[in-house]
Amino acid sequence: MAKAAKHSRQSSVASGELKRAPDLGQVTAAEPRTPNPEPRVAVTIAGVRFQNPVLTASGTFGYGQEFAQVIDLDRLGGICVKGISADPMPGNPPPRIYETDSGMLNAIGLQNVGAKRFLEEKLPFLRTLKARCVVNVFGYSTEDYVRCIETLNEGEGIDAYELNISCPNTRCGGIVYGSDPKLTGEVVAASKRAARFPLFVKLSPNVTDIAVFARAAEDSGADALTLVNTFVGMAIDAETRTPRISNVTAGLSGPAIKPLALRLVHQASRAVQIPIIGIGGIASPEDAIEFLIAGACAVQVGTANFYAPDTPIRVAEGIEEYCRRHCIHLSQLVGSLKLPESGAAPAQEV
Amino acid sequence: MLDAIVPVIENRPLTGGHFVLSVRSPRQAQAARPGQFAMIRLLGHSDVLLRRPMSIYDARPAADGTTGHPGLQVLDFLYKVVGRGTALMAALKPGDQVGLLAPLGHGFFAEDYLAEARAAEEVLHVAGGIGIAALLLPARELAASGVQQKLFFGGRTQADLVGVYEFKPYVAETVLATEEGSLGHRGYVTAPLKFYLEAHASKRLLILACGPWAMLEATVALARRYGQRCLVSMENRMGCALGVCLGCSIRVEGEGHAAYERVCTEGPVFWSEHVVWGGDMPPKT
Numbered sequence: 001m002a003k004a005a006k007h008s009r010q011s012s013v014a015s016g017e018l019k020r021a022p023d024l025g026q027v028t029a030a031e032p033r034t035p036n037p038e039p040r041v042a043v044t045i046a047g048v049r050f051q052n053p054v055l056t057a058s059g060t061f062g063y064g065q066e067f068a069q070v071i072d073l074d075r076l077g078g079i080c081v082k083g084i085s086a087d088p089m090p091g092n093p094p095p096r097i098y099e100t101d102s103g104m105l106n107a108i109g110l111q112n113v114g115a116k117r118f119l120e121e122k123l124p125f126l127r128t129l130k131a132r133c134v135v136n137v138f139g140y141s142t143e144d145y146v147r148c149i150e151t152l153n154e155g156e157g158i159d160a161y162e163l164n165i166s167c168p169n170t171r172c173g174g175i176v177y178g179s180d181p182k183l184t185g186e187v188v189a190a191s192k193r194a195a196r197f198p199l200f201v202k203l204s205p206n207v208t209d210i211a212v213f214a215r216a217a218e219d220s221g222a223d224a225l226t227l228v229n230t231f232v233g234m235a236i237d238a239e240t241r242t243p244r245i246s247n248v249t250a251g252l253s254g255p256a257i258k259p260l261a262l263r264l265v266h267q268a269s270r271a272v273q274i275p276i277i278g279i280g281g282i283a284s285p286e287d288a289i290e291f292l293i294a295g296a297c298a299v300q301v302g303t304a305n306f307y308a309p310d311t312p313i314r315v316a317e318g319i320e321e322y323c324r325r326h327c328i329h330l331s332q333l334v335g336s337l338k339l340p341e342s343g344a345a346p347a348q349e350v
Numbered sequence: 001m002l003d004a005i006v007p008v009i010e011n012r013p014l015t016g017g018h019f020v021l022s023v024r025s026p027r028q029a030q031a032a033r034p035g036q037f038a039m040i041r042l043l044g045h046s047d048v049l050l051r052r053p054m055s056i057y058d059a060r061p062a063a064d065g066t067t068g069h070p071g072l073q074v075l076d077f078l079y080k081v082v083g084r085g086t087a088l089m090a091a092l093k094p095g096d097q098v099g100l101l102a103p104l105g106h107g108f109f110a111e112d113y114l115a116e117a118r119a120a121e122e123v124l125h126v127a128g129g130i131g132i133a134a135l136l137l138p139a140r141e142l143a144a145s146g147v148q149q150k151l152f153f154g155g156r157t158q159a160d161l162v163g164v165y166e167f168k169p170y171v172a173e174t175v176l177a178t179e180e181g182s183l184g185h186r187g188y189v190t191a192p193l194k195f196y197l198e199a200h201a202s203k204r205l206l207i208l209a210c211g212p213w214a215m216l217e218a219t220v221a222l223a224r225r226y227g228q229r230c231l232v233s234m235e236n237r238m239g240c241a242l243g244v245c246l247g248c249s250i251r252v253e254g255e256g257h258a259a260y261e262r263v264c265t266e267g268p269v270f271w272s273e274h275v276v277w278g279g280d281m282p283p284k285t
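In order, the protein sequences belong to chains X and E. The numbering of the first sequence is our numbering, which starts it at 1 and goes up by one. The numbering of the second sequence is our numbering, which starts it at 1 and goes up by one.
Any given hint might turn out to be false.
Which bits of chain X does chain E cover? Going by a derived footprint, with three or more residues having C-beta under 8 Å, they are [as the list claims (entries may be wrong)]:
# : stretch
1 : 65-72
2 : 87-93
3 : 98-110
Hints are computed from structural coordinates only; laboratory data are not their basis. Note that beta-carbon positions come from the ideal geometry of N, C-alpha and C, so glycine has one too.
Taking the hints into account, I'd like the entire structure generated from these sequences.
This is the structure:
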């Protein structure tokens, strides 16, 4: 693939070029619609066309192949692979996961095979799929991120990078970059310079004002944003008075976080013009449609893959069914939230 | 491995809060190998998200004989009510449905394990509490190939020693232990195991163990001391059982990226010397 074109500040959806009105985050289909249009759910983000707007979230889908026996991978919009670092990482000591009401805590610690082995062992399979391959990239320093990207640049079949500056479970790096807008800007700019493919940036929800970080990433060259990573939380065994997770704190995911994530997607979508990929507790088509209405142009399914691997496919089918039922194009759904006249929305205005 | 929605045909209560859940699933029953496990998903409870890992206790023909199909039809799961998930499982009734991802993991007789078992003069099953659930199918398979077997089975009380009757046809002897002495030896099951290993130090034995971490650790220490080989079936919290969440990883011999292996994929059965004991203890389930 040729070096990605200068990042587009908008997403386009299937046949219709999509234009986002910067002030309202609204979307209109520019092309005239045929009288009885077949709703299309394909979406193009930073020049990468996804056959539907549903991706699997990093860390919940391995390297894709693990699910080949269970679901039809060719029906996914995209696969975000487990976070890859320049060098292999062992991960955290157990216990690493704990189930909470409607959610789960994890502190895996980004155990992964490293960039070189990913290219040799995992990428050849991913290349054969219709689903787009988004490689989640992680590092402990800006140099780490750049080194990882430079190694991955050699790979054929990678469609985009997703910069993980929001992992709550590693001591240095990760969330450190996601908690300081200056550092966010620095690592995004350096990664963008190094990247041969479009760069998505996955932001942390553990910040006071998401708009500041969304803009920092956009201003530094991010082609799209993924919102959000897990919320930092913890659980304690009351009998033994010990943490349930060896890392003490862990990232909370699952349906429990959906309202929190939705609010952040809504606010970020009003702060930036680059496309947003919404993620956080999506387990049904309705969940995903809420994210699209809030301003995301695509979604990721995460924790649900663990207990119901057919979720991303059901979500994609459900979005298509919704568009057909409402006689609309996916593009008309994105950012279509109807706010009350009184302007009760506390969203950060650009 | 197959992901299916299957009907419950029975959910039989035993002593001490134990139950045997029986589901009809011929394809999964016929694919199951001794020591493999399944993930059970409770449907319709959005607050209990994750599937529960359960040893495949038994794979058997349908008892009612109404299906008219030969071969294995039913999978049994022996479990104890310990938390919200198992409490909901206990409420399942015949006709209800559960999600079942099965069979999973390497069983006891993958690759070199079976050859090792056949070469042994005697196989010792060492079970702690609900750990017995992983050992019934291996015992049956070994009995079919004429291997001499013994069962060492420990629990907190008599009520925890479920499934002894089912084991009887396959073992020459059953040694029981309870912590408070209500049945068998008083104390841990590793005490009579130690006597036996000491008395039969010249025999070539193979130990198959499943139970709480502390019992496994003590069993493995004994095996090492008396120079016997030991296979352990490990238990851990699991997110996906497909090998992607990396939540069930345990510490094994190896450095760097090779320091952890997944119970769901590389396990649940490991050679005892491959596991790093002490230190990072998996949680109680």
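TODO: Three residues minimum, CB to CB under 8 Å: does the stretch 87-93 of chain X make the cut for coverage by chain E? Let me know.
DONE: The restraint on the stretch 87-93 of chain X holds, since 5 of its residues have a Cβ under 8 Å from chain E and three suffice.
- [ ] Test coverage of the stretch 98-110 of chain X by chain E using CB-CB distances below 8 Å; three residues minimum.
- [x] Coverage by chain E holds for the stretch 98-110 of chain X (8 residues, Cβ < 8 Å).
Open item on the list: Taking 8 Å as the Cβ threshold, is the statement that the stretch 65-72 of chain X is covered by chain E upheld or broken by the three-residue rule?
Closed with: holds (count 4)
The earlier numbered hints are all upheld by this structure, with none contradicted.
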